[in-house]
Each structure stands twice: as structure tokens, then as C-alpha cells.
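Asks: Note that this note's numbering has the sequence shown beginning at 1, numbered continuously upward.
Think of the hints as simulated: they come from the structure by calculation, not from any bench. Any given hint might turn out to be false.
What the hints assert, rightly or not - Label-pair distances were calculated between CB atoms; the ranges are:
hint, residue 1, residue 2, range
1, G49, N98, 29 to 37 Å
2, G49, E118, 14 to 22 Å
3, R58, G93, 14 to 22 Å
4, G93, A70, 12 to 20 Å
5, G80, G116, 18 to 26 Å
6, G49, M117, 13 to 21 Å
7, K106, Q62, 16 to 24 Å
8, G107, K86, 29 to 37 Å
9, E71, E118, 25 to 33 Å
Please read these numbers as outputs of a predicted model, since none were measured by experiment. Beta carbons are placed, not taken as given, at the ideal position from N, Cα and C, and that holds for glycine.
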Amino acid sequence: MQRYGTIRIDPRDGRFISVVALAAILCAGCDTPQTRGEYPGEYPGAQQGERRDQFMCRDGEQIRMRFFDAEGIAVLSRRGRTVELKLQSTESGNIYSNGPTTVRSKGRDLRLQMEGMEPIECRSQRSD
1 MQRYGTIRID PRDGRFISVV ALAAILCAGC DTPQTRGEYP GEYPGAQQGE RRDQFMCRDG
61 EQIRMRFFDA EGIAVLSRRG RTVELKLQST ESGNIYSNGP TTVRSKGRDL RLQMEGMEPI
121 ECRSQRSD
């Protein structure tokens, strides 16, 4: 038994083990927050063959895109929802679409068009 201040801790005590187990469980969720990669639009954790980018739109909205070039798809994350889009390459950029949602990208610019809405113009947060 060890004594720390006025509190006695006995490792054989079931309460001690419960407290240690609870602390371990709580700390498991205390991972460091996701930090940005080498430029603001890049996030760590990208899988091999995956590119991630974050875009700031003219209306102030931020959207995220994940590009899976080998599979020919991209995933749009906007307002807490995700949409998978298929690649349709063009000579001057790329078009990703699933029908009602279309993303056109060229360089750092991106245009999001959703059925029944005006196009939304966005720009990558990358600094290159």
C-alpha cells in the first residue's frame, strides 16, 4: 500500500482498478486534435491514393473534398452531409457528378452545382 498525502491507495482494492480503467478509457478518446498538413487545404490521415482539400466559397461556406483518383471518384462534404461523385475528365479540369450534384474543378477553383440551386464558386485553401 502506498500513501500519497492523506489518501491511501491500495492497488488490490477494486475501486482503484475501476478508477484506473475509467481513466484509461477516457484518455483513449483524448487524442490530439487533427492538425493541418503542410498547407491549409490538406489534412493528415489521408489514405494512400487519396487527396483532401478544403474550399472557401464566396458565400462564406466551407466545403471539403476527398479525391480518390485511382477509383475515379470524389466525396463532397458539405453541411454535415457527404455525397459520392464520379469523375468525368475534361481537357480543362475535372467534372465529378452523380446527376443532381456536380463539381467542376480546375486548378484551385471549384464550382458546386446542385439541382435547383445557383452555382457556388469556391477556392482551395491551399497556399501553392
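Asks: Next step is simple, just say for each hint if it's right about the structure.
Replies: The hints, checked one at a time:
Range check, G49 to N98: Cβ separation about 20 Å, and the 29 to 37 Å hint is violated. Between G49 and E118 the Cβ separation comes to about 33 Å, which falls outside the hinted range of 14 to 22 Å. Separated by about 18 Å at the C-beta atoms, R58 and G93 satisfy the suggested range of 14 to 22 Å. Checked against the hint of 12 to 20 Å, the C-beta distance between G93 and A70 comes to roughly 19 Å, which is consistent with it.
In this structure, G80 and G116 meet the distance hint of 18 to 26 Å, their C-beta atoms being roughly 20 Å apart. Between G49 and M117 the CB atoms are about 31 Å apart, so this pair departs from the stated range of 13 to 21 Å. A beta carbon spacing of about 19 Å between K106 and Q62 agrees with the range 16 to 24 Å that was offered as a hint. Taken as a hint, the range 29 to 37 Å is violated for the pair G107 and K86, whose Cβ atoms sit roughly 21 Å apart.
For E71 paired with E118, a C-beta distance near 30 Å keeps the hint of 25 to 33 Å intact.
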